[in-house]
Amino acid sequence: MPNSVLWAVDLFGRVYTLSTAGQYWELCKDAQLEFKRVSAAMQCCWGIACDNQVYLYMCASDVPIRRREEAYENQRWNPMGGFCEKLLPSDRWSWSDVSGLQHRPLDGVMLPSPHWEWESDWYVDENFGGEPTEKGGWTYAIDFPATYTRDKKWNSCVRRRKWIRYRRYKSRDAWAKIPSKDDPKQLPDPFNDLSVGGWEITEEPIGRLSVWAVSLQGKLWYREDVCHPNPEGSSWSLMDTPGEVAQISCGPHDLLWATLWEGQALVREGINRNNPKGSSWSIVEPPGSENGIMHVSVGVGVVWAVTKDRKVWFRRGVNSHNPCGTSWIEMVGEMLMVNVGLNDQVWGIGCEDRAVYFRQGVTPSELSGKTWKAIVAGRECDRSHSGSSSSLLSAGCFFGDEVKGGGESAPSDTDGSSEVERPELDQPLPSESSDNSRNPDESSASGPGAGRTTEGAVENTCPAEGRGEPGSAKCPNLASSPAELPWTNIDLKEPKKAPGHSAAGFPETTSSQGLLPLGLEESYVLDDHPLWAWVSGGSCAVEAFSVLKWFTVQSGLSPSVQTLSLSLTPAQTAAWRKQIFQQLTERTKRELENFRHYEQAVEQSVWVKTGTLQWWCDWKPHKWVDVRVALEQVTGHDGARDSILFIYYVVHEEEKYIHVFLNEVTVLVPVLNEAKHSFALYTPERTRQRWPVRLAAATEQDMNDWLALLSLSCCESRKVHGRPSPQAIWSITCKGDIFVSEPNPDLEAREHLLPCDQMFWRQMGGHLRVVEANSRGVVWGIGYDHTAWVYTGGYGGGCFQGLASSTSNIYPQSDVKSVYIYENQRWNPVTGYTSRGLPTDRYMWSDATGLQECTKAGTKPPSLQWTWVSDWSVDFSVPGGTDAEGWQYASDFPASYHGYKTMKDFVRRRCWARKCKLVTSGPWLEVAPIALGDVSIIPECPATNRNGHSVALWAVSDKGDVLCRLGVSELNPAGSSWLHVGTDQPFVSVSIGACYQVWAVARDGSAFYRGSVSPSQPAGDCWYHIPSPPKQRLKQVSVGQTSVYTLDENGKSFGGSEGRWNLWYRQGITPSYPQGSSWEHVSNNVRRVSVGPLDQGTCGIAKGSRPATHRAPAGSTCPTMCAECPWGLWISSVTAAMAGRFSRSVFQVWVIADKVQGSHSLSRGTVCHRTGVQPHEPKGQGWDYGIGGGWDHISIRANATRTTWSTSREQEPSAPQETHGPVCC
Amino acid sequence: MTDDKDVLRDVWFGRIPTCFTLYQDEITEREAEPYYLLLPRVSYLTLVTDKVKKHFQKVMRQEDISEIWFEYEGTPLKWHYPIGLLFDLLASSSGLPWNITVHFKSFPEKDLLHCPSKDAIEAHFMSCMKEADALKHKSQVINEMQKKDHKQLWMGLQNDRFDQFWAINRKLMEYPAEENGFRYIPFRIYQTTTERPFIQKLFRPVAADGQLHTLGDLLREVCPSAIAPEDGEKKNQVMIHGIEPMLETPLQWLSEHLSYPDNFLHISIIPQPTD
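Chain order of the listed sequences is U and E.
All residue numbers for the first sequence refer to full-length UniProt numbering, where the first residue is 1 and numbers rise by one.
All residue numbers for the second sequence refer to full-length UniProt numbering, where the first residue is 1 and numbers rise by one.
Careful: at least some of the hints might be erroneous.
[Unchecked claim] In the EDC-like style, the derived pairs of lysine to aspartate or glutamate whose C-alpha atoms are separated by at most 20 Å in a straight line are:
no.: 1; chain 1: U; residue 1: Lys609; chain 2: E; residue 2: Asp163
no.: 2; chain 1: U; residue 1: Lys578; chain 2: E; residue 2: Glu244
no.: 3; chain 1: U; residue 1: Lys578; chain 2: E; residue 2: Asp149
no.: 4; chain 1: E; residue 1: Lys54; chain 2: U; residue 2: Glu603
no.: 5; chain 1: U; residue 1: Lys578; chain 2: E; residue 2: Asp4
no.: 6; chain 1: E; residue 1: Lys171; chain 2: U; residue 2: Asp702
no.: 7; chain 1: U; residue 1: Lys370; chain 2: E; residue 2: Glu248
no.: 8; chain 1: E; residue 1: Lys171; chain 2: U; residue 2: Glu700
no.: 9; chain 1: E; residue 1: Lys51; chain 2: U; residue 2: Glu599
no.: 10; chain 1: E; residue 1: Lys147; chain 2: U; residue 2: Asp705
no.: 11; chain 1: E; residue 1: Lys171; chain 2: U; residue 2: Asp705
no.: 12; chain 1: U; residue 1: Lys609; chain 2: E; residue 2: Asp149
no.: 13; chain 1: E; residue 1: Lys54; chain 2: E; residue 2: Asp64
no.: 14; chain 1: E; residue 1: Lys148; chain 2: U; residue 2: Glu632
no.: 15; chain 1: E; residue 1: Lys148; chain 2: U; residue 2: Asp702
no.: 16; chain 1: E; residue 1: Lys151; chain 2: U; residue 2: Asp702
no.: 17; chain 1: U; residue 1: Lys589; chain 2: E; residue 2: Glu244
no.: 18; chain 1: E; residue 1: Lys151; chain 2: U; residue 2: Glu632
no.: 19; chain 1: E; residue 1: Lys148; chain 2: U; residue 2: Glu599
no.: 20; chain 1: E; residue 1: Lys151; chain 2: U; residue 2: Glu603
no.: 21; chain 1: E; residue 1: Lys53; chain 2: U; residue 2: Glu603
no.: 22; chain 1: E; residue 1: Lys54; chain 2: U; residue 2: Glu599
no.: 23; chain 1: E; residue 1: Lys151; chain 2: U; residue 2: Asp705
no.: 24; chain 1: E; residue 1: Lys78; chain 2: E; residue 2: Glu33
no.: 25; chain 1: U; residue 1: Lys719; chain 2: E; residue 2: Asp4
no.: 26; chain 1: U; residue 1: Lys719; chain 2: E; residue 2: Asp163
no.: 27; chain 1: E; residue 1: Lys118; chain 2: U; residue 2: Asp618
no.: 28; chain 1: E; residue 1: Lys58; chain 2: U; residue 2: Glu632
no.: 29; chain 1: U; residue 1: Lys676; chain 2: U; residue 2: Asp618
no.: 30; chain 1: U; residue 1: Lys589; chain 2: E; residue 2: Asp6
no.: 31; chain 1: E; residue 1: Lys53; chain 2: U; residue 2: Glu599
no.: 32; chain 1: E; residue 1: Lys147; chain 2: U; residue 2: Asp618
no.: 33; chain 1: E; residue 1: Lys51; chain 2: U; residue 2: Glu700
no.: 34; chain 1: U; residue 1: Lys719; chain 2: E; residue 2: Asp6
no.: 35; chain 1: U; residue 1: Lys578; chain 2: E; residue 2: Glu248
Because the hints were derived from the structure by calculation, they are not lab data.
Start from the sequences, fold in the hints, and give me the full structure.
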């Protein structure tokens, strides 16, 4: 994640960030101010600058922070002038807020701070609950306050309309001053410490943060109302504390610790969703009475502390229920401060060397980690200096290791004379000034032993061992300089006064600092390695699997350097690489071309792999039976391979077998569940039966070996290898596994249609929820955790290792999803709600249906690939709403639930969620930082020649923002930046058709059409509201060449049919009226729809007519005509269709459907292809069933290949694709 | 864009068209026809010449047959060198097919090792593999493998089964993610111009400053005579698998992709052809 960075402040107050993917500290973009402390969160960083004021740094994003201001204009009817502003004396203000109680004139609405700007002027909202209003946006009622309707009735005496104006936070990538809490009448009390956290307490409102600050006088302040739409918060509230607070740390969840000047720690109790400020304090005594606590830092479930003697302590037994923990454990290392970041990872600043240390080996099971490792990454600004790598290296050597544990540094490898062990840090250093001793040490490090690296660390993992050598030479200055107090008052403006560790002493010693000889300091300052004062890991996501490049000095060209854009790495374009490929080709030609008739020295033979697996037997009762399996591969001289899989089983002591020809296998699907490593093998016949061959292996490795081998054999027998073609069809199973199929031209033929159960699917590594592709090879995916991914052009990864995987373009990928269980209770008159139900009731802990018992302890992650990453917590975001404790009420199970209790409610339930995480790999790179909910890429016909243009890509963020990606092309499929498209409400789905028609679905279930989108105006100009089908809320839209299909999300059936999720076709779309006229019902039981570019319009259009919305809004004539007007193509093709040229053409409509009947079982989630769709029958006639069940998503939008093109071309010499344009002028 | 995996395939399926002729002094019952064969570059002569042996034995008397050996232009061919190496080193400048003379008499004891059976080849091959892994991973990977994995490596080579071999061999080509390569690169440099059979030294893939070592770095370090001086005329070819990789090629990449099945980079330094 490129936006995952570690923040740090150096001794001179400069703020740097270090990316988890990077190798260099980068100076903060706004370097005007010098800082003392920073505290980072994912999107922002709070800090205290040298002026002791609080500043906020919001990281730049393509999505603006915008906030809607509303005001209502109220009018009353009178017989004289009709509706007018003259209201009755008892009435509300003529300009008011929504309640009518507050006066709110438009020009009285002010920006809250100088960091905001207006987005546009005030305008009238003409959308009323998903329905468009009359022009002017008026809604009518009998009187104020009452129910307002869209329609004016005879008794409508009053009316009102809503005015909207958006404001936008403008201080991005810049430090914005937060107004001080100081009362001008009192003496200023400057801020001393600050901490940001609490983002996991609740997601309501979005991006809510707890910001705590401590003043020099020891007062504690809480910043109210800090959230994503209001990043600055509104005001400071003073909190009561039992003593004077010196320092504070707020964890991501409900932990909040502070230190008192007296050396004890304060622990806040009672922090929860409803009370993020907490309710009371507890006091925790320091580990020893002589050395009080100087600094604390807390995470989700950990507390680390530094005492005044700079020893580091880990608090045992800390969790939500017991925020105080039980006891202190001393850790190895001496630190000035420690900071707990995301995933409870820990950083510290070494007290001796002022280097930033990272605690290695922190895992959920071992929260205290293993060892401190110094971060030796250089600063960006150092990189350009010549010879910097050697000086960096010496710094790396010097700080390269464990703070303690020097005595064990015996070389572990005797032959590696050039390999280097850790530097000898443990020579006794003169205690009066360690600076003195440092110089020779460094020069020796960069001198003869220039080959030193930091590898071969001797890790001292045992805390007790570290304690075994107290007061050794590790921290020699301890004797001379007293312990630091937490308010370390560094004189930031004069760097030379702040050399080394002792410089950061507290006020009493600053005078002695001045006595240090200046020359000495200078030599110290000359040294290139940064000295750090503060570090914050609140936005630094280090995963257990991630490989950080912070600990070795890197330079030059390294093939393993992950460039985070998709541009080719130097290794792939390097001349040497090209030459090797070229020479190998030449060699093969030279040595083989004329000698193919020679006999091969080694005859090809049969190779058999055998093993034992379990097989889900075909007969009843179905169960797993042990089987012997053998894969026989026969390779002919031409390299073609034929493979047969034999499954030997025993019935009635007689061995029998079934066999499968691998060239008939259509797909191999891993089916991982809690207990079994199994996979399913489909042939067309097995697909029709909905009954695959299911095999299970004893271990994951065993399964992966079989899967990889079988998959390789299948691919070879079908001659499919390498990266999928740009036209490939992509799909995803409900387990998040990704499959891809090469389209056959007959797939979209009118006659002799290739049945889609014959499609061959192969798996790609990775884990996704959504995948969308277009025919230029641009493929995007979205994970369950809403992370956006772009396809890198590789193949394999995941369980496909070795030959089944490409060498490059495979990257680690992770995904997070939640597992939900329900707690059910029934009311009884004596005890109220209890977990004792009626005998007929569902389990008191169950799944959503109530049929399966699911307890907190007994519920496992979905498969062995997943591991828990959080504890169970109440999910408040369930549909229907909840009360403050997360309960939903109903009259009985199962019924519809609501978020408040009524007299008739006898049962209640609440939803518990627990996050689990999967780590895999695949040909995907993250497109950070914006998380997405939906994505759509423009489908392109072979007819269109848009090579010059970038590829239009639209998306909806997880927060509902509509986005348009700029700069997407074959070479840069990730694109460059997002363009935010303003909307008046959150959206859920978007789709862009081949003619740049953008359709979208809003969260209220209505559809929108975006006008005037074109290559030159990629974001279009305005939204046209399109009401949803009556009483249905839409949830997804897909636009092909011309046709528009949508899905609704209602449980309500349509037209008496039982089904859910209806598929709708938009009638009456013409170039002059691209919004169409009405919805027509096509089918039910559809979960997802994908419409491809191979469709043709049907409607009659007058020659020369143009889309109405394509006109400039003011009625002026369309400025761009035809050359790039995509409708031109459409019109020409439609005209051609009317002329009969495309009588064979079909629409390309594919869906994921439920309740598909097979001969063995009923399946849920089946890939289906609409058949019989044609100009006169736009709804089609029926479905052709393909692979499934268990499929969740399909994208056929890249497939623009079909045979009919060639035939139509033969009939019509002037192919339509060459004649686009002029028709519409 | 071609994938690096294709290099492995190209290397594995490299073939040298060869014409075997019986040595003129061998006594035959009737005239021995030459025998034509495509030899896998990555294999060993005695492993793939059963057909040749049979072919010539048909025309010979039983009592005249002793251990077969091969010779090219007067040089006995060491069976324990991979075929591709022998060809690059000795015959790459001459035309194809490669003319090899077959002997059954007067085994050159001082030049060649005896090869009593395929077991000898297997033993030699596996010992090379182990030596290579000792250099790359302190033998950790090869030692963690099971006996059947070792067998699969050998059977893969013997039966010319790329998949079978690489299914196991890929593990030998991995290295810890935090490193930039192997510990040392297993390589041998051969020159026809010296008496010494080959050069082999400890050499790391990554320099102390983090820079990746290149083929050029290696040669400058261990065999400086092979590279032409900056301004000088190129006198030698540096050849692996019949191609001349650029001296800028990272050594680690070469080791992963252009090693022979025994996991060594066998590099031939041969004089630049004068034409």
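Verification of the supplied hints:
1. Pair hint Lys609 (chain U) plus Asp163 (chain E) holds up; C-alpha atoms about 12 Å apart against a cutoff of 20 Å.
2. A hinted pair counts as satisfied when its Cα atoms are at most 20 Å apart, and Lys578 (chain U) with Glu244 (chain E) qualifies at roughly 12 Å.
3. For the suggested pair Lys578 (chain U) and Asp149 (chain E), the alpha carbons sit about 34 Å apart, so the restraint of at most 20 Å is broken.
4. Restraint check for Lys54 (chain E) and Glu603 (chain U): the C-alpha separation of about 15 Å stays at or below 20 Å, so the hint holds.
5. Among the hinted pairs, Lys578 (chain U) with Asp4 (chain E) is consistent with the structure: their alpha-carbon atoms are about 11 Å apart, no more than 20 Å.
6. Annotation: proposed proximity of Lys171 (chain E) to Asp702 (chain U) holds, straight-line Cα distance about 16 Å (limit 20 Å).
7. Restraint check: the Cα-Cα separation between Lys370 (chain U) and Glu248 (chain E) comes to about 40 Å, which exceeds 20 Å; the hinted pair is violated.
8. The straight-line distance between the Cα atoms of Lys171 (chain E) and Glu700 (chain U) is roughly 17 Å, inside the 20 Å bound, and the hint therefore holds.
9. About 10 Å separates the Cα atoms of Lys51 (chain E) and Glu599 (chain U), which keeps this hinted pair within 20 Å; it holds.
10. Simply put, Lys147 (chain E) and Asp705 (chain U) have alpha-carbon atoms about 18 Å apart, close enough for the 20 Å limit, and the pair holds.
11. With a CA separation close to 13 Å, the supplied pair Lys171 (chain E) and Asp705 (chain U) stays within the 20 Å bound.
12. Restraint check for Lys609 (chain U) and Asp149 (chain E): the C-alpha separation of about 13 Å stays at or below 20 Å, so the hint holds.
13. The suggested pairing of Lys54 (chain E) with Asp64 (chain E) holds, with an alpha-carbon distance near 14 Å, which does not exceed 20 Å.
14. At roughly 18 Å between alpha-carbon atoms, Lys148 (chain E) and Glu632 (chain U) fall within 20 Å of each other, so this suggested pair holds.
15. At roughly 15 Å between alpha-carbon atoms, Lys148 (chain E) and Asp702 (chain U) fall within 20 Å of each other, so this suggested pair holds.
16. Taking the CA atoms of Lys151 (chain E) and Asp702 (chain U), the gap is about 18 Å. The hint holds against a cut of 20 Å.
17. Note on Lys589 (chain U) and Glu244 (chain E): the hinted pairing holds, with a Cα-Cα distance of about 15 Å set against a maximum of 20 Å.
18. Proximity of Lys151 (chain E) to Glu632 (chain U) is assessed by CA-CA distance (about 19 Å); at most 20 Å being required, the pair is judged to hold.
19. Restraint check for Lys148 (chain E) and Glu599 (chain U): the C-alpha separation of about 31 Å exceeds 20 Å, so the hint is violated.
20. Note on Lys151 (chain E) and Glu603 (chain U): the hinted pairing holds, with a Cα-Cα distance of about 19 Å set against a maximum of 20 Å.
21. At most 20 Å may separate the alpha-carbon atoms for a hinted pair to count; Lys53 (chain E) and Glu603 (chain U) meet this at roughly 15 Å.
22. A C-alpha spacing of about 14 Å is found between Lys54 (chain E) and Glu599 (chain U), which places the hinted pair at or below 20 Å, so the restraint holds.
23. With a CA separation close to 17 Å, the supplied pair Lys151 (chain E) and Asp705 (chain U) stays within the 20 Å bound.
24. Our distance criterion of 20 Å between C-alpha atoms is broken by Lys78 (chain E) and Glu33 (chain E), whose separation comes to about 24 Å.
25. Simply put, Lys719 (chain U) and Asp4 (chain E) have alpha-carbon atoms about 19 Å apart, close enough for the 20 Å limit, and the pair holds.
26. The suggested pairing of Lys719 (chain U) with Asp163 (chain E) holds, with an alpha-carbon distance near 15 Å, which does not exceed 20 Å.
27. For the suggested pair Lys118 (chain E) and Asp618 (chain U), the alpha carbons sit about 46 Å apart, so the restraint of at most 20 Å is broken.
28. This hinted pair does not check out: Lys58 (chain E) and Glu632 (chain U) have alpha carbons roughly 35 Å apart, beyond 20 Å.
29. At most 20 Å may separate the alpha-carbon atoms for a hinted pair to count; Lys676 (chain U) and Asp618 (chain U) meet this at roughly 18 Å.
30. For the given pair, Lys589 (chain U) sits about 15 Å from Asp6 (chain E) by alpha-carbon distance, which is consistent with the 20 Å threshold.
31. At roughly 15 Å between alpha-carbon atoms, Lys53 (chain E) and Glu599 (chain U) fall within 20 Å of each other, so this suggested pair holds.
32. A hinted pair counts as satisfied when its Cα atoms are at most 20 Å apart, and Lys147 (chain E) with Asp618 (chain U) does not qualify at roughly 37 Å.
33. Our distance criterion of 20 Å between C-alpha atoms is broken by Lys51 (chain E) and Glu700 (chain U), whose separation comes to about 43 Å.
34. Taking the CA atoms of Lys719 (chain U) and Asp6 (chain E), the gap is about 15 Å. The hint holds against a cut of 20 Å.
35. Among the hinted pairs, Lys578 (chain U) with Glu248 (chain E) is consistent with the structure: their alpha-carbon atoms are about 12 Å apart, no more than 20 Å.
Taken one by one, the earlier hints fail for this structure at numbers 3, 7, 19, 24, 27, 28, 32, 33, listed in ascending order.
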